[in-house]
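Enquirer: Counting from 1 along the sequence shown, just add 1 to a position and that's the residue number in our numbering.
Source of the hints: derived by calculation from the structure; they are not laboratory data. The C-beta atom is built at its ideal place from N, Cα and C for all residues, glycine as well. Treat the hints with caution; some may be incorrect.
Just the calculated beta-carbon pair ranges, DEER-fashion [said to hold, decoys possible]:
id, residue 1, residue 2, range
1, 10, 122, 19 to 27 Å
2, 14, 82, 22 to 30 Å
3, 76, 52, 49 to 57 Å
4, 87, 2, 49 to 57 Å
5, 8, 175, 54 to 62 Å
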Amino acid sequence: MSKHELIGEKYKKYWGVIPIVVFLLIRMSVGLVEVSTDSALRNIPQMLLFWFGGISIAILVIWIGRSLLWKNKEPIPGVIRILRAIFRVIYCGGIVVAIGIGILSSVFFYSPEHVVERNGTRMVASVHSFLQETVYYYEYKNVLFRGTEPIGWEDYGNGGGDPFQQKKEPHHSFFE
């Protein structure tokens, strides 16, 4: 058996584990970069990593379910077939519910970020606007990362939008 055939055979056997291993390696790499450079992952890359992790877990769960539940190696009595069918429906329903919760959390926890320049310094402006429109400013590191500590903030009062899109002036502001 050649090396390529051996790798292909291992891939076919462990296809459900590969995405979660890749996710964990990426997450550990990001964590090392965050700790060593005092940075935080920006909003969109963080959300993409969150979804990749969720999809990886779903693939792992499907792989485990397929390995344990869907293989028919020997004849199965009718009662166990019915129980398996019920369990499959519950199993698939759980995956659908988990994806729905993930979508809702992504919608409610998203806060837009803008790269702005204030006083000659490039910053990332993170808008938090559930009931009170507040913008926190962080050090701009690069496309993927920003600083962890806010270096300033602006309060735009009541509302629920993006003050950068609405061209509003802040009521209060503070910069170090």
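Enquirer: All hints are to be evaluated individually against the structure, with a verdict given for each.
Expert: Comparing the hints with the structure gives:
Distance hint check: the CB atoms of residue 10 and residue 122 are about 55 Å apart, inconsistent with the given range 19 to 27 Å. About 26 Å separates the C-beta atoms of residue 14 and residue 82, a value consistent with the hinted range of 22 to 30 Å. A hinted range of 49 to 57 Å for the beta carbons of residue 76 and residue 52 is inconsistent with their spacing of about 41 Å. For residue 87 and residue 2, the Cβ-Cβ distance of about 41 Å falls outside the hinted range of 49 to 57 Å, so the restraint is violated.
With their beta carbons about 57 Å apart, residue 8 and residue 175 fall inside the hinted range of 54 to 62 Å.
Of the numbered hints given earlier, the model fails hints 1, 3 and 4; all others are met.
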